[in-house]
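Listed below, chain by chain, are the residues.
6 protein chains.
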Amino acid sequence: MPERLAYVNGWVGPESQASISIYDRGFLSGYGVFERTRTLHGELFRLDEHLARLYRSLRVTRLEAPMSRAELRAVTIDLVAQNRKLLGPDDDYSVGHYVTRGLEGSGRPTVVVFCQPIPFKTFARQYIDGAHVVTPSTRQMDTQMVDPKLKTTSRIHQLLAEQEAKLVDPQAYALVLDLAGNVCEAFPGHNFWIVDGGTLVSPKNQTILRGITRDVLVEVAQKVGAPVKEADIQLYDVINAQEAFLSGTSRCIVPVTRVNGIPLGDGTPGPMVKQLTKAWVECFGLDFVQQALSHLQEDARHT
Amino acid sequence: MPERLAYVNGWVGPESQASISIYDRGFLSGYGVFERTRTLHGELFRLDEHLARLYRSLRVTRLEAPMSRAELRAVTIDLVAQNRKLLGPDDDYSVGHYVTRGLEGSGRPTVVVFCQPIPFKTFARQYIDGAHVVTPSTRQMDTQMVDPKLKTTSRIHQLLAEQEAKLVDPQAYALVLDLAGNVCEAFPGHNFWIVDGGTLVSPKNQTILRGITRDVLVEVAQKVGAPVKEADIQLYDVINAQEAFLSGTSRCIVPVTRVNGIPLGDGTPGPMVKQLTKAWVECFGLDFVQQALSHLQEDARHT
Amino acid sequence: MPERLAYVNGWVGPESQASISIYDRGFLSGYGVFERTRTLHGELFRLDEHLARLYRSLRVTRLEAPMSRAELRAVTIDLVAQNRKLLGPDDDYSVGHYVTRGLEGSGRPTVVVFCQPIPFKTFARQYIDGAHVVTPSTRQMDTQMVDPKLKTTSRIHQLLAEQEAKLVDPQAYALVLDLAGNVCEAFPGHNFWIVDGGTLVSPKNQTILRGITRDVLVEVAQKVGAPVKEADIQLYDVINAQEAFLSGTSRCIVPVTRVNGIPLGDGTPGPMVKQLTKAWVECFGLDFVQQALSHLQEDARHT
Amino acid sequence: MPERLAYVNGWVGPESQASISIYDRGFLSGYGVFERTRTLHGELFRLDEHLARLYRSLRVTRLEAPMSRAELRAVTIDLVAQNRKLLGPDDDYSVGHYVTRGLEGSGRPTVVVFCQPIPFKTFARQYIDGAHVVTPSTRQMDTQMVDPKLKTTSRIHQLLAEQEAKLVDPQAYALVLDLAGNVCEAFPGHNFWIVDGGTLVSPKNQTILRGITRDVLVEVAQKVGAPVKEADIQLYDVINAQEAFLSGTSRCIVPVTRVNGIPLGDGTPGPMVKQLTKAWVECFGLDFVQQALSHLQEDARHT
Amino acid sequence: MPERLAYVNGWVGPESQASISIYDRGFLSGYGVFERTRTLHGELFRLDEHLARLYRSLRVTRLEAPMSRAELRAVTIDLVAQNRKLLGPDDDYSVGHYVTRGLEGSGRPTVVVFCQPIPFKTFARQYIDGAHVVTPSTRQMDTQMVDPKLKTTSRIHQLLAEQEAKLVDPQAYALVLDLAGNVCEAFPGHNFWIVDGGTLVSPKNQTILRGITRDVLVEVAQKVGAPVKEADIQLYDVINAQEAFLSGTSRCIVPVTRVNGIPLGDGTPGPMVKQLTKAWVECFGLDFVQQALSHLQEDARHT
Amino acid sequence: MPERLAYVNGWVGPESQASISIYDRGFLSGYGVFERTRTLHGELFRLDEHLARLYRSLRVTRLEAPMSRAELRAVTIDLVAQNRKLLGPDDDYSVGHYVTRGLEGSGRPTVVVFCQPIPFKTFARQYIDGAHVVTPSTRQMDTQMVDPKLKTTSRIHQLLAEQEAKLVDPQAYALVLDLAGNVCEAFPGHNFWIVDGGTLVSPKNQTILRGITRDVLVEVAQKVGAPVKEADIQLYDVINAQEAFLSGTSRCIVPVTRVNGIPLGDGTPGPMVKQLTKAWVECFGLDFVQQALSHLQEDARHT
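So the protein lines, in turn, are chains A, B, C, D, E and F. My numbering puts the first sequence at residues 1477 to 1779. My numbering puts the second sequence at residues 1477 to 1779. My numbering puts the third sequence at residues 1477 to 1779. My numbering puts the fourth sequence at residues 1477 to 1779. My numbering puts the fifth sequence at residues 1477 to 1779. My numbering puts the sixth sequence at residues 1477 to 1779.
Quick caveat, the hints were computed from the structure, so don't treat them as lab data. A couple of the hints might just be wrong.
When chains are identical, the list treats them as one kind, so a pair holds in a single copy or across two.
Below, computed lysine-lysine pairings styled on DSS-like, alpha-carbon distance capped at 25 Å [said to hold, decoys possible]: (1) 1705 <-> 1597; (2) 1680 <-> 1597; (3) 1680 <-> 1699; (4) 1627 <-> 1642; (5) 1705 <-> 1680; (6) 1627 <-> 1754; (7) 1750 <-> 1627; (8) 1642 <-> 1754; (9) 1561 <-> 1754; (10) 1699 <-> 1597; (11) 1561 <-> 1680; (12) 1627 <-> 1561; (13) 1750 <-> 1705.
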């Protein structure tokens, strides 16, 4: 059975053999940065924006860029092309770029690129039922230690926050607050939005990862004529919002229907999130909801 | 030429072949914890204390322990025994234990054990000249995100702090402050101490890694009759201290002679740090200063 | 059927008729302070300490004392005496003192005293199974707004914290953290303790209600020879503690066996908490555990 | 002499007999939320907005709504109608809605509605002389404990802040700062505004009660063509503002003429506050200043 | 050789004799406020704005104004006129206004006005090479102690911050962060700007001195059609900005080309700063860059 | 009439002529440090401790020491000797040492020494009536900007705090809180103490000036057998303390009898402060209370 290929420092081979040294500082110390880009119908979506953000992360962490952005782009496109044939009809890839400090003292960074099928089955039902967000006692990473705008591989704060949220609901996202009590992001990996009087409101972009899908949402919102603004929001605002939703690379738009166990509105996905989803699908030509749900059906067929 | 062996999930082999999958969550997300234990004359020093702390880190991060503490102890002792013959006469090992979440979805943690010769040459001169500590603008990790008592592999905050300190002096340690401005630790990897009127003062153990060598220092201080206390200290106290020093697993005790470019006392290692060093050597039978300096001489011989 | 009596501003009558005006500032604005004292075999326990704390709360809030402490003491003793005959064989009272600002503009405070049977059934199983403490995202009240040492009737922060903890476990206590991430109290109404190397450690008394039962515990600890200290502790310390327990007026000593779902030690009440419980019982002549458990048995008999 | 009626859980009767049990959790613990709506010429003003906010408070505190919003609306309108005949010619009502958790364990909330004549005499002179605002050392309630957007009956922080301000001036309002030093609200119960270069500036709506009269002011400002914005403001801005004023349900618009003893501008109410007052009166058909002043004159007549 | 004149409390005389009592509270305690206004071709630039800010500082610190603003204006214009003849062809004055509390108990403030030639030589090269900004561990003054909008003579925090930055580079400016980690000002004495996608972004005006040259920049930006906004920015934004620059009274506009040793963009002054400089020169008729550089050439001629 | 002499950079002359340049950085920017030492019966008290602290301040601010500590000591003793004859029978001097950065660019610090009669009349009544301390909204200086342990001449935060306190009572001291709400110092210039169950408690020495008289108090407390400890204390503790008092160089020990208008204990100086005063007098041979009161009597005689 053919296997997906991965790229590791110039080597391209079966992903089961793709490995890095135990002495890699990415492994030992989390000295690395990364990106995740998804494909739509097998085509890389917003690759340039992701690579631009990767190089911004490299700049701030002073990790050396392993190659030029153009070269990394070429490597990526090539790898996706080679793996495309292994993609199922309703599948797409989450393409990972990881750059670490490499072997201590080597002065040579490690660069890894790989393609993983998006695990649609694990989140498909959230498009129908909506997601549950739970505020853990763990707070968002702070710019005074590691700016949350940096997409580094030192992410254990995310794990700690998620573990707390999952005590309430194993499917919950962790809606982390910053040190001042403002709502930030939904771990793992999603920007958070509320709908307030028809306006899309997202937390200020100082204490969050500046999502590329979040930027896509701004475009989509313009399509549907919904005003967008950034503001400090607190749990009070979330609980009293008309709607809420998440945006992220793989899942695109996920409605939120519960906050700390409290139903949002009538507890079902609202009209704005439906409208945005529809507009997204029209803009980019992929019905990501149907794509995800097809995996449930497949599952159902097998049982 | 024979090569050191490393342990990876039951496999034992040459360290140049020791690797982990690119899909290991330790590599991808810094979801791991670790310890570093040194040898004295080739014998593991305070291994049990290090393993106990490793298991405390596992407990808080809810990472599964890959095996019992006794089993990991046996694996370690065995590995060190196998590698001992490769140790030079003035050398010792820094033995690393790394436990990560392993492959996503596998439910099986990754465990890595290895032996690296301590790079004495890189820090030997600090025993004579003293070290320089510099306070970066980056702050210490906070218990509200990731408790600094956790020894995780998500350490990029440490890299960011060190990079700032090295702008002042490429040999400097980063003396990080917490969010309230208290002195915490000296990155990479050292606890910090000042001598105030004959008393050894160390920052409170809430915002620092609770160093095992720090505990050793408490024992040694008792030997020489020096009182020890924990207190919140600020830069003012450091600059006006009679002496200051670092404690860490590999380097044991390192005198500090400069703070942000200001000489401490007369700018040379003081009597207390010398007395503690002497007592340490007597207690544990290894003159770590001579050991380190021998590497400089060796270097000198070769040039 | 005879009814318990309550005291309201000089009036003594059946508690079902005991009421206050809707215009009382205690009702409208939470402008009040209170105490809860329990009886042991029907006798008031540490009443003087409770009244002293009540008058400290009055002093800081500038609420007028409705009468002298001696007078309030007399009123209380009298009321308990009158209600004693209604106490079942295994029952005891939680005696409430509430002093509010009274009717706006009246200049006359409201004082209420009442006796409520301790609801043993609701918590008896915790003596056997141990309690579960969960850290909510809501933080402890801060001295910059309302000092947590003040026992005021403005307690909605407590409700908000408890509601979050109960999402994880309906029986859980909310272990609130202060704004710096230190562990404070277990809502509702308990001081928190860990056992660290045989020492009883309790959070510093600046950010907690200074429990009278907490003081009793210090006495009891002396009896059993256990050292006691106050320290800033964090979740890391709790999760890695040998044991933990709660102290409070009605429940006396409650073992804690789980923290955010993680079992403490082996997940059962530990030897220290048993020893302290035993010593408490010997000191004060009431086996509060048996007292509570008898209510479960009674329950069992009826089913 | 006829007495005003009040509503308590379905009962309607003379307010002197309106009472709640001493065991009500609103009384015991401040577990309640409330609103105050005023009448204009005896007609309820912005009742729907007040009820909407009441239900937002209920949602966040998870207190059960005692009845639907429409039902509570009907009860209120009915009660005001019944009490209207007792209203003097220059009087108006402050109508209170209070919902608490009710008797512990009952699962039934308490709901109270009442009508109190606005005490015009106590504040009438402020329309002429302007009010004095004083910054106490006590800080505004924080979203990490209890969101200041919640209108709960746990308000003792307000009392503590007011008591400090009244040490400077018995008529002063307490202009509380948040934990970062930003100006928030003027206790008791007013939003705060400054005029900066012709623009009305109000603190950001994250750390304040979102006043319904504040929203009214925005409407009125549009009428007079004054731009409105929200911004973080500090004491520096207040002291150097051209004008400042308060907005609140009963008092509508109150000019501020002193800050911590420093006169604002020339120390008299400025042109913008006069213009806004005039516009308010025109919009809503009640000269609230004359209404208040008439009570002083009446007083004068009697002496 | 003729000497510049200075003004001290009504006395006008040679600056070498201009002195204040050792008992002046400005000297003893930093109880003073000040302004620095520059001349352009010997003419005072934006004097009224500087004096207005001086009087705002006086108001907040409750220091008495020594005379009316109009009188101080006249004194200043007169002094500059008298000193003008001593100004070299490529020179201009930095005119200082200092008002202190005067002699303790005297109730009479001290007022000092003087003219100092701008030391162009010390910073001229920065127009060509760009400036280096370094973030010290010392934080910006906070509004809870002394509002950074106040221009007081208590400035030792600035010295401490600068000393740290100069450890990295003796020519560096200290780019201070506030207590939340936001970028504030560049000490000594400059507002900070980044260019982000063609927009000029400056830190919010709450935690910075509200620079008069910063206001000038807003005017100049309008001229060149560059949008301007205020936002909380962090080091991440600075490092990834297209350009950055400083604005200040004497130096007008200084390009920033390095941040903590990291080159900004390509490490040379960018097109926007050049365009703004050009526009500034056109607006105000002085080529401040040539003026500064002429001093280097003069220097070169002499060597 | 003979005049007191002062020392300015080597010059010694009549204090009315003692002055510094308007260009001194101490005057312009508060770049200076200082000490105040008092005389007892004309003899300098604890001069060495004061000079040691002065040199600690110099070290942290990197201001150059103008001369050796021994030289400055000699200058001081000499100056006091020369001024002694001008001291009245019940008088003593407050001797000031001020060291600033001097003229910009000169590289030569300014040093000033002077003798001022202690203004006993202004505070004598506080020994009988006790002092009033008031908590302002302004917070204590923080170590992240300027360590409060540094005795610099940049003190305007002190002025701002005092001005607020004096709004409540023109004789009040400003009892400043730190950013976490802990009690720090009483401005101007006093350490703060409470008596709690017979123990003297003083705020932790991290956020306060480490008073030399505070150290003297520790000695005196040992004499009277009163235990001393440092702890974080809040307003709650102060209001409920048995006694409170201030310690400072000139006033030695001042009883505190009111806190924010609330009487402490019975509102009169308590037994502990009397005992400490008595012991102080016995230890150091000067009845500072009588000395101060004699100035009131003198005043009375003249009227």
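Hint-by-hint comparison with the structure:
1. 1705 <-> 1597: Classified as neither; 32 Å inside a copy, 44 Å across copies.
2. 1680 <-> 1597: Cα proximity of residue 1680 and residue 1597: none, with 32 Å in one copy and 42 Å across.
3. 1680 <-> 1699: Answer is within; shortest intra-copy Cα gap is 22 Å, inter-copy 30 Å.
4. 1627 <-> 1642: both (23 Å within a copy, 23 Å between copies)
5. 1705 <-> 1680: both (9 Å within a copy, 15 Å between copies)
6. 1627 <-> 1754: neither (29 Å within a copy, 38 Å between copies)
7. 1750 <-> 1627: neither (29 Å within a copy, 33 Å between copies)
8. 1642 <-> 1754: For residue 1642 and residue 1754, neither the intra-copy (30 Å) nor the inter-copy (37 Å) Cα distance is at most 25 Å.
9. 1561 <-> 1754: For residue 1561 and residue 1754, neither the intra-copy (28 Å) nor the inter-copy (57 Å) Cα distance is at most 25 Å.
10. 1699 <-> 1597: neither (29 Å within a copy, 55 Å between copies)
11. 1561 <-> 1680: neither (41 Å within a copy, 52 Å between copies)
12. 1627 <-> 1561: Answer is neither; intra-copy 30 Å and inter-copy 42 Å both fail.
13. 1750 <-> 1705: For residue 1750 and residue 1705, the Cα distance is within 25 Å only inside one copy (19 Å; across copies 32 Å).
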